[in-house]
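J.: Assemble the whole structure, with the sequences as input and the hints as a guide.
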Amino acid sequence: MDANSDNANIDPQDNTSTGSATSREQGCGNVVVNILDKIDIIPGLNKDMRNVTFVLKDEDHTLGNTLRYVIMKNPHVDYCGYSIPHPSEAKLNLRVQTSEKTDAVEALKKGLEDLAGLCLYVESEFKKKIQESGFDYDPDSL
Amino acid sequence: MNNINGGSFSLGLNNNFNNSDPFNGGPKPDIIIQELDSEKIKFILTNTELSVANALRRLMIAEVPTIAIDMVEIELNTSVLADEFIAHRLGLIPLDSMEAEKIKYTRECNCSQYCPNCSVELTLHAKCVQDGQSLEVCSRDLQSSDPRVSPVLKDDNDKGILIAKLRKGQELKVKCVAKKGVAKEHAKWSPCAAVAFEYDPHNRLRHTHYWIEEDEKKEWPPGPNANQEPPMTDDEPFDYNATPNKFYFTVE
Numbered sequence: 001m002d003a004n005s006d007n008a009n010i011d012p013q014d015n016t017s018t019g020s021a022t023s024r025e026q027g028c029g030n031v032v033v034n035i036l037d038k039i040d041i042i043p044g045l046n047k048d049m050r051n052v053t054f055v056l057k058d059e060d061h062t063l064g065n066t067l068r069y070v071i072m073k074n075p076h077v078d079y080c081g082y083s084i085p086h087p088s089e090a091k092l093n094l095r096v097q098t099s100e101k102t103d104a105v106e107a108l109k110k111g112l113e114d115l116a117g118l119c120l121y122v123e124s125e126f127k128k129k130i131q132e133s134g135f136d137y138d139p140d141s142l
Numbered sequence: 001m002n003n004i005n006g007g008s009f010s011l012g013l014n015n016n017f018n019n020s021d022p023f024n025g026g027p028k029p030d031i032i033i034q035e036l037d038s039e040k041i042k043f044i045l046t047n048t049e050l051s052v053a054n055a056l057r058r059l060m061i062a063e064v065p066t067i068a069i070d071m072v073e074i075e076l077n078t079s080v081l082a083d084e085f086i087a088h089r090l091g092l093i094p095l096d097s098m099e100a101e102k103i104k105y106t107r108e109c110n111c112s113q114y115c116p117n118c119s120v121e122l123t124l125h126a127k128c129v130q131d132g133q134s135l136e137v138c139s140r141d142l143q144s145s146d147p148r149v150s151p152v153l154k155d156d157n158d159k160g161i162l163i164a165k166l167r168k169g170q171e172l173k174v175k176c177v178a179k180k181g182v183a184k185e186h187a188k189w190s191p192c193a194a195v196a197f198e199y200d201p202h203n204r205l206r207h208t209h210y211w212i213e214e215d216e217k218k219e220w221p222p223g224p225n226a227n228q229e230p231p232m233t234d235d236e237p238f239d240y241n242a243t244p245n246k247f248y249f250t251v252e
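Listed in order, the protein sequences are those of chains A and B. Just so we're aligned: 115 in full-length UniProt numbering is position 115 of the first sequence, and the numbers increase by one with no gaps anywhere. Just so we're aligned: 122 in full-length UniProt numbering is position 122 of the second sequence, and the numbers increase by one with no gaps anywhere.
No lab work stands behind these hints: they were computed from the structure. Honestly, I wouldn't trust all of these hints.
Claimed, not checked - Straight line, CA to CA, 30 Å or less: simulated BS3-like cross-link-like pairs of lysine-lysine:
1) B/K159 - B/K175
2) B/K102 - A/K128
3) B/K179 - B/K40
4) B/K179 - A/K127
T.: Right under this line is the structure:
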């Protein structure tokens, strides 16, 4: 399913986040992932893109629950929830509903950035505490 | 070490996280390390939410890439064990995976099947020639093509994990291809033996319902993390808005 083709009421130029998705390849580290293989939008959404259900492929509760939490922290998000419709399909439905001040695509984008920031913060804090802890541990000795 | 934006991390969206505060002005997560050695860590994660702590637990169990034997070519097997039995055992042998970051996933490699960029070859050749005594083939006998990736051994005297026992005349010759993978696909790629995860040791939030016969306090004595939080008093009112905030991890 294409993110654009099923939404005839959406002008591709109108929204860059979905419009440019067809040809865009995103670099994740040294891995190249075609964005359309990763994310989809369930049909039947309004042009303002405020209420959207995304489908994330090859993801599970690890990302779903955390992303739900991070997106809900955004004050402009009215609702965010996720479900895994079928246990033997590696798909995750993420519903995002926002106020007029933003749209669901922006909210998802901010959520992912905030989550990455959160992870980087925890990682740096962890490394700092390991160094400070004074335990007899040398990661290079392994 | 303390560089937040360090490493080769790239989300492809926007690497500048400074303009957006993931904590929304709230308290930042904190970590207290209680125990640490090369095999075990005990730490407490605070000021975060259950979903984040649980994601950390899930990531440690299932999504940290390691290296394990994934394909086995059996050239000769005259042992009493079946080929697939030995192949399965070889897959479960822990290999030193400290360099896993530098090895590619085979599916992301440009080669047609596998190559040194995405795999490590280990060979094993053992034959019993002694009469009346069986030969123990152990994981130390695996010869790795890459010195960075070899079976995990305790010390120089450790023979490693027993793979098979051979009687006189029996021979085992195999070529193994070790690949990078995650435990989501198969548990042999799991980097940890166990991850203990606990929050709310006094069950203040009533997320669990203890099965009891007569006396709850007698049958459910305080756990190892109970001294980290004040015990429940008998007249304590139930705060139904409370959320867990202190998470206890033990990773082996």
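J.: Now, for every hint given, state plainly whether the structure supports it.
T.: We went through each hint and held it up to the structure:
Distance hint between B/K159 and B/K175 is fulfilled; the C-alpha atoms sit about 19 Å from each other, no more than 30 Å. For the suggested pair B/K102 and A/K128, the alpha carbons sit about 24 Å apart, so the restraint of at most 30 Å is met. A hinted pair counts as satisfied when its Cα atoms are at most 30 Å apart, and B/K179 with B/K40 qualifies at roughly 25 Å. Distance check on the hinted pair: B/K179 and A/K127 sit about 28 Å apart at the alpha-carbon level, within 30 Å; holds.
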